[in-house]
Amino acid sequence: MPLNVLIVGAGVAGPAFAILLQKSDPSYKITVIERSPSLRTAGQQIDLKQQGVEIMQKMGLLETIKSHCVNEAGVEILDSNGKQVATFGINPSGEKRITLTAEYEIMRGDFVKVLYEASLKQHAKLKELGKEGDLTYKFGKSITELTQCDEGVDVTFSDGHKERYDLVVAADGQSSRTRRLAFGQEVSDAAFRSLGVHGAYYSIPRSQGEGELARAYSAPGRKLIMTRSSSPATQVLLFTMGNGDKLRKSYNEPIENQKEAFKETFRGSGWQTDRLLEGLKTCADFYAHEIGQIKMKQWSKGHVVLLGDAGYCPSPFTGMGNTGCLIGAYVLAGELARHGNDVAGALKAYEEIARPPIEEECQNLPIETLGAFYPNSSLGVWLLRKVMWVVSKIEPLTYRPRSGNSKAWKVPEYPELNLGS
5 MPLNVLIVGA GVAGPAFAIL LQKSDPSYKI TVIERSPSLR TAGQQIDLKQ QGVEIMQKMG
65 LLETIKSHCV NEAGVEILDS NGKQVATFGI NPSGEKRITL TAEYEIMRGD FVKVLYEASL
125 KQHAKLKELG KEGDLTYKFG KSITELTQCD EGVDVTFSDG HKERYDLVVA ADGQSSRTRR
185 LAFGQEVSDA AFRSLGVHGA YYSIPRSQGE GELARAYSAP GRKLIMTRSS SPATQVLLFT
245 MGNGDKLRKS YNEPIENQKE AFKETFRGSG WQTDRLLEGL KTCADFYAHE IGQIKMKQWS
305 KGHVVLLGDA GYCPSPFTGM GNTGCLIGAY VLAGELARHG NDVAGALKAY EEIARPPIEE
365 ECQNLPIETL GAFYPNSSLG VWLLRKVMWV VSKIEPLTYR PRSGNSKAWK VPEYPELNLG
425 S
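Position one of the sequence shown corresponds to residue 5 (my numbering), numbered consecutively onward.
Check the hints yourself; a few may be wrong.
Calculated pairs, DSSO-like style, for lysine-lysine (alpha carbon to alpha carbon, straight line, at most 27 angstroms) [what the hints assert, rightly or not]:
#1 K250 to K267
#2 K33 to K411
#3 K352 to K411
#4 K62 to K33
#5 K129 to K33
#6 K62 to K125
#7 K299 to K250
#8 K301 to K250
#9 K285 to K62
#10 K33 to K135
#11 K125 to K135
#12 K129 to K117
#13 K411 to K62
#14 K299 to K352
#15 K117 to K33
#16 K301 to K131
#17 K70 to K414
#18 K131 to K62
#19 K125 to K145
#20 K62 to K145
#21 K62 to K352
#22 K142 to K33
#23 K117 to K131
#24 K142 to K305
#25 K33 to K125
#26 K70 to K129
Have a look at the derived ranges for each label pair, beta carbon to beta carbon [as the list claims (entries may be wrong)]:
#27 G283 to G349: 24 to 32 angstroms
#28 R252 to K397: 37 to 45 angstroms
#29 P258 to E363: 35 to 43 angstroms
#30 A77 to S162: 43 to 51 angstroms
#31 R279 to K70: 29 to 37 angstroms
#32 T373 to G86: 47 to 55 angstroms
#33 A46 to L369: 21 to 29 angstroms
#34 G283 to E417: 43 to 51 angstroms
#35 A77 to K301: 38 to 46 angstroms
What the hints contain is simulated information worked out from the structure, not anything from laboratory work. We put the beta carbon where it would ideally sit given N, CA and C, even for glycine.
Whole structure, please, built from the sequences with the hints as guidance.
Right, here's the structure in full:
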């Protein structure tokens, strides 16, 4: 009997998983809920790397992704006068090089729309062929209660409606409410491993002179300011390892309080920081949080399974968040297709197969050295710039492309997903 599946979250992982489920078995009944009133297309520039590129190719969406990629040529390191200290170019997909810019850079909103529209297009195609399955997106809706039973999960929604599902897929991000409901508040909270860095992201109008290079500026007081101008607007990214208590407290307060906390932290930091902070007055897409990783000891409980950032957020610093989401969606859909109605067996195999690449590649971050990129003193900032200058000169000379015998995780084949059709 076809599975009745609830996917919580219409970001990257949820729609990608929906596409793969439909491909494998058109009779699935799939419901995707999203707490936002409409598809969330806001967000900053994101990467697609390594296995994520291969999976998008298998899904037949890589060319569409390419057509939406932004034109960022690399990153330049600046001093307080705006003088270029060092530059780093584009990192080819699958390579591990010292640079910010990946081969595939795309705005989050464009990536989400590509996946969302592809899932609907796939559903329409199946309907034309007379297939019996279903795919429904419901916006402005969330879960308030989960009750596990032998037959599945009884779900209570924010509108009071109740329904039973064979499988609930939590794809609702780092702060997943579904994870808390399924695993409990204590387990969910313990899964967050802070990196000691706080970040804020927003957009301001692009000014003249801002080219195709991202810009990065370090300031005393453990601060890093970045801009990316490859889209019509300039994206501003503020990172700090200082003033943590005040910033952490502000996250439970109105957005204006959060903006003020970051203004206070970064005001007078040099370069163009004060101009960038002025943009906080009018920006409509401000988002701030404490940066960390999600490390869950198990990814499923009963008939609830974690997917993407909800189960294994790697943090923005790895650039592997989207790749992790796609690995998870691909393997989970593949194992469900392979195991048929044996949901428990599929979830067990999903974790056994996907956990190694997620932990060893996507979440691989030298946390102990992170503080070196956030010097507290002026001398420390000067030394960091000197090191970056040296690295920028040496790295191109020592770089060697990966050989065909790379130790990187190989994407498994799932004929059951019918990706050739």
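Now for the hints, and whether the structure bears them out:
Straight-line distance between C-alpha atoms of K250 and K267 comes to about 12 angstroms, which keeps the hinted pair within the 27 angstroms bound. A threshold of 27 angstroms between alpha carbons decides the hint, and for K33 with K411 the separation of about 38 angstroms lies outside it, so the pair is violated. A distance of roughly 24 angstroms separates the Cα atoms of K352 and K411; the hinted pair therefore holds under the 27 angstroms criterion. The suggested pairing of K62 with K33 holds, with an alpha-carbon distance near 23 angstroms, which does not exceed 27 angstroms.
As the CA atoms of K129 and K33 are separated by approximately 15 angstroms, the hinted pair is consistent with the 27 angstroms bound. For the hint linking K62 to K125, the alpha-carbon distance of about 17 angstroms falls within 27 angstroms, and the restraint holds. Between K299 and K250 the CA atoms are separated by roughly 25 angstroms; this keeps the pair inside 27 angstroms, and the hint holds. The straight-line distance between the Cα atoms of K301 and K250 is roughly 31 angstroms, outside the 27 angstroms bound, and the hint therefore fails.
Simply put, K285 and K62 have alpha-carbon atoms about 44 angstroms apart, too far for the 27 angstroms limit, and the pair is violated. A hinted pair counts as satisfied when its Cα atoms are at most 27 angstroms apart, and K33 with K135 qualifies at roughly 11 angstroms. Between the alpha carbons of K125 and K135 the distance comes to roughly 14 angstroms, so the proposed pair stays at or under 27 angstroms and holds. As the CA atoms of K129 and K117 are separated by approximately 18 angstroms, the hinted pair is consistent with the 27 angstroms bound.
Of the pairs offered as hints, the one joining K411 and K62 holds, with about 21 angstroms between alpha carbons and a cut-off of 27 angstroms not exceeded. Distance hint between K299 and K352 is fulfilled; the C-alpha atoms sit about 17 angstroms from each other, no more than 27 angstroms. A C-alpha spacing of about 21 angstroms is found between K117 and K33, which places the hinted pair at or below 27 angstroms, so the restraint holds. Between the alpha carbons of K301 and K131 the distance comes to roughly 40 angstroms, so the proposed pair goes past 27 angstroms and is violated.
With a CA separation close to 22 angstroms, the supplied pair K70 and K414 stays within the 27 angstroms bound. About 22 angstroms separates the Cα atoms of K131 and K62, which keeps this hinted pair within 27 angstroms; it holds. With a CA separation close to 23 angstroms, the supplied pair K125 and K145 stays within the 27 angstroms bound. Using a Cα cut-off of 27 angstroms, the hinted pair K62 and K145 is violated, with the two alpha carbons roughly 31 angstroms apart.
Straight-line distance between C-alpha atoms of K62 and K352 comes to about 24 angstroms, which keeps the hinted pair within the 27 angstroms bound. At most 27 angstroms may separate the alpha-carbon atoms for a hinted pair to count; K142 and K33 meet this at roughly 14 angstroms. About 21 angstroms separates the Cα atoms of K117 and K131, which keeps this hinted pair within 27 angstroms; it holds. The straight-line distance between the Cα atoms of K142 and K305 is roughly 24 angstroms, inside the 27 angstroms bound, and the hint therefore holds.
With a C-alpha separation of about 16 angstroms, the suggested pair K33 and K125 falls inside the 27 angstroms cut-off, and the hint holds. For the given pair, K70 sits about 23 angstroms from K129 by alpha-carbon distance, which is consistent with the 27 angstroms threshold. The supplied range of 24 to 32 angstroms is broken by G283 and G349, whose beta-carbon atoms lie about 52 angstroms from each other. Range check, R252 to K397: about 39 angstroms between beta-carbon atoms, so the 37 to 45 angstroms window is met.
Here the CB-CB span from P258 to E363 is close to 37 angstroms, well matched to the stated 35 to 43 angstroms. A hinted range of 43 to 51 angstroms holds for the C-beta pair A77 and S162, which are about 45 angstroms apart. One distance hint, 29 to 37 angstroms for the beta-carbon pair R279 and K70, holds here, with the actual separation near 34 angstroms. For T373 paired with G86, a C-beta distance near 27 angstroms fails the hint of 47 to 55 angstroms.
A hinted range of 21 to 29 angstroms holds for the C-beta pair A46 and L369, which are about 25 angstroms apart. In this structure the hint that G283 and E417 lie 43 to 51 angstroms apart at CB holds, the actual value being about 48 angstroms. The hinted range of 38 to 46 angstroms is satisfied by A77 and K301, whose Cβ atoms lie roughly 42 angstroms apart.
The structure does not agree with the numbered hints 2, 8, 9, 16, 20, 27, 32 stated previously, though it agrees with the rest.
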